[in-house]
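Protein chains: 2
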Amino acid sequence: MRIGQPGRPLDARKDELILQAGRELLLRGGPLALTMEAVARASGVSKATLYRRWPHREALLEALVLREAQPLLSMLEGTPTDDAGLAAKLEAFLDSMLALMGQPGYRAYLQAIVALPQQQADLQRIWWLGPHQTMESVAALLRRYAAAQGRRWPAAARDAETLIGMAIGLEQARILYRQRPWRADARLRRRLIRAVVASFLGRRSAGIAVCEGNVGRG
Amino acid sequence: MRIGQPGRPLDARKDELILQAGRELLLRGGPLALTMEAVARASGVSKATLYRRWPHREALLEALVLREAQPLLSMLEGTPTDDAGLAAKLEAFLDSMLALMGQPGYRAYLQAIVALPQQQADLQRIWWLGPHQTMESVAALLRRYAAAQGRRWPAAARDAETLIGMAIGLEQARILYRQRPWRADARLRRRLIRAVVASFLGRRSAGIAVCEGNVGRG
Numbered sequence: 001m002r003i004g005q006p007g008r009p010l011d012a013r014k015d016e017l018i019l020q021a022g023r024e025l026l027l028r029g030g031p032l033a034l035t036m037e038a039v040a041r042a043s044g045v046s047k048a049t050l051y052r053r054w055p056h057r058e059a060l061l062e063a064l065v066l067r068e069a070q071p072l073l074s075m076l077e078g079t080p081t082d083d084a085g086l087a088a089k090l091e092a093f094l095d096s097m098l099a100l101m102g103q104p105g106y107r108a109y110l111q112a113i114v115a116l117p118q119q120q121a122d123l124q125r126i127w128w129l130g131p132h133q134t135m136e137s138v139a140a141l142l143r144r145y146a147a148a149q150g151r152r153w154p155a156a157a158r159d160a161e162t163l164i165g166m167a168i169g170l171e172q173a174r175i176l177y178r179q180r181p182w183r184a185d186a187r188l189r190r191r192l193i194r195a196v197v198a199s200f201l202g203r204r205s206a207g208i209a210v211c212e213g214n215v216g217r218g
Numbered sequence: 219m220r221i222g223q224p225g226r227p228l229d230a231r232k233d234e235l236i237l238q239a240g241r242e243l244l245l246r247g248g249p250l251a252l253t254m255e256a257v258a259r260a261s262g263v264s265k266a267t268l269y270r271r272w273p274h275r276e277a278l279l280e281a282l283v284l285r286e287a288q289p290l291l292s293m294l295e296g297t298p299t300d301d302a303g304l305a306a307k308l309e310a311f312l313d314s315m316l317a318l319m320g321q322p323g324y325r326a327y328l329q330a331i332v333a334l335p336q337q338q339a340d341l342q343r344i345w346w347l348g349p350h351q352t353m354e355s356v357a358a359l360l361r362r363y364a365a366a367q368g369r370r371w372p373a374a375a376r377d378a379e380t381l382i383g384m385a386i387g388l389e390q391a392r393i394l395y396r397q398r399p400w401r402a403d404a405r406l407r408r409r410l411i412r413a414v415v416a417s418f419l420g421r422r423s424a425g426i427a428v429c430e431g432n433v434g435r436g
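In the order they appear, the protein sequences are chains A and B. So the first sequence is residues 1 to 218, counted in the working numbering. So the second sequence is residues 219 to 436, counted in the working numbering.
So here's chain A without its partners, still in its complex pose:
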């Protein structure tokens, strides 16, 4: 909590109050609970100030999703110079992703997402800025890494999804069925992720070699 820090501009402090309140509302009650009214009330910020900063609730919702996704996405920035560097980046990312899913609030959030009525535009927004963008960022990292070595990673999007699926396994199902999410255990989670990434990159190297040998046959 950095509220009330001396020397911090008033607007930044109010932003923080608003975003904290919005996050709480979203996690507990899902998108339907995120109204400008409720955010103003929960944050103690006037509606005039709230609307000056975010002109409509969709803008605030997007800011909230991006704020949750940002720490994950920033882990995927840069271009590693070798396999070990790529592995370290992917491991750190997957570890944080699973830690996020293991949080107590995550199930309530899923519950709220699933309960949304059909055609809810919020769902589309959250999907694109959250899971979809995260998957795309993993794919972009794989492509950059291959390019830096003068190669290509042709199925980067599919491979990114496969990697994420390998790490998640049945963990999301465990959460939906209220089983103990064992990947919440940091030590087990790290061991699993190391194995998953090693396995993923091992296959990939073989794949690229075979791939280059087959150029022109497709």
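Hints in this document: simulated from the structure, not taken from any laboratory. Treat the numbers as computed from the prediction; the structure is a model and nothing was measured. Each residue gets a CB set at the ideal place from its N, CA and C atoms; glycine is no exception. Possibly wrong hints are sitting among the right ones.
Stretch by stretch, here's where chain A covers chain B in the computed footprint (C-beta under 8 Å, at least three residues) [stated by the list, open to error]:
id, region
1, 270 to 278
2, 393 to 400
Sample of chain A residues at the chain B side, in silico, Cβ under 8 Å [to be verified]:
id, residue
3, L110
4, Q111
5, I113
6, V114
7, I126
8, W127
9, L129
10, M135
11, I168
12, R178
13, A198
14, L201
Counterexamples of contact, computed for chain A against chain B with all Cβ distances above 12 Å [stated by the list, open to error]:
id, residue
15, V45
16, E161
17, R191
We have chain A already, so just place chain B on it with the hints.
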């Protein structure tokens, strides 16, 4: 529909009516919608007959879950004699699993599961007889296969979960967020699954599949 088949015993026909009605209730409204009252009404079978066959709703719920899981589980029976046989078995299983998840009713079912109140014993039942048992059956197949070759598959449980995760990828998330579940497309799904299983079993053809690439991502 085999109702009214000549020569079929009355009890079997009534069982079928009950199970069909129970399945509909479960898929549309989740476990809470599955009451003996509702099943009797929807099936047109008397409550006396219903209770004679299943003494309580939990027994009926278990029968329903097992009936859904059975086709998947039966695909995992037997012991293949070579890698190609193991791959064929795993491919058939994963294909059916993803086809099941791509059904229109699946999201409503997830929604009902997620909405269940805390401590619902039904969740535990469905988890154990459904997803958990399925995962265990894949692990058992891997162990039998290794044993038939005089080897061991030490991390069979973890590997079974990884394989299932690879095949699912973000598909469950797509369903939760009401995105188009692209693995509902039978042709794309089969190509993806072939690549996933080949990669899982560590065959070189994995690379070729990656090369042909873009499975499902267009």
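Hint by hint, here is what the structure shows:
1. By the rule of at least three residues with a Cβ nearer than 8 Å to a Cβ of chain A, the coverage given for the region 270 to 278 of chain B is violated, with 0 such residues.
2. For the region 393 to 400 of chain B, the stated coverage by chain A is satisfied: 4 residues place a CB nearer than 8 Å to a CB of that chain, which reaches the threshold of 3.
3. For L110 of chain A, the shortest C-beta to C-beta distance to chain B is roughly 6 Å, which falls under 8 Å, so the interface hint holds.
4. Given hint, Q111 of chain A at the interface with chain B, holds; its Cβ is 5 Å from that chain's nearest Cβ, closer than 8 Å.
5. At its closest, the beta carbon of I113 of chain A sits 6 Å from a beta carbon of chain B; the interface hint therefore holds under the 8 Å criterion.
6. For V114 of chain A, the shortest C-beta to C-beta distance to chain B is roughly 5 Å, which falls under 8 Å, so the interface hint holds.
7. Here the hint on I126 of chain A is kept, as its CB sits about 7 Å from the closest CB of chain B, short of 8 Å.
8. Restraint check, W127 of chain A versus chain B: the minimum CB separation of about 4 Å is within 8 Å; hint holds.
9. For L129 of chain A, the shortest C-beta to C-beta distance to chain B is roughly 11 Å, which exceeds 8 Å, and the interface hint is violated.
10. The restraint placing M135 of chain A at the interface with chain B holds, with a minimum CB-CB distance near 6 Å, inside the 8 Å limit.
11. Checking I168 of chain A against chain B: minimum C-beta separation of about 5 Å stays under 8 Å; hint holds.
12. Interface hint status for R178 of chain A: upheld, as the beta-carbon distance to the closest one in chain B is roughly 5 Å, under 8 Å.
13. The interface hint given for A198 of chain A is violated, since its Cβ lies 12 Å from the closest Cβ of chain B, which is over the 8 Å cut-off.
14. The criterion of a C-beta within 8 Å of any C-beta in chain B is not met by L201 of chain A, whose closest approach is roughly 12 Å, and the hint is violated.
15. No beta-carbon of chain B comes within 12 Å of the beta-carbon of V45 of chain A; the shortest separation is about 30 Å.
16. At the 12 Å boundary, the C-beta of E161 of chain A falls inside the reach of chain B, the nearest C-beta of that chain being 4 Å off.
17. A beta-carbon of chain B comes within 12 Å of the beta-carbon of R191 of chain A; the shortest separation is about 10 Å.
In summary, the numbered hints that this structure violates are 1, 9, 13, 14, 16 and 17.
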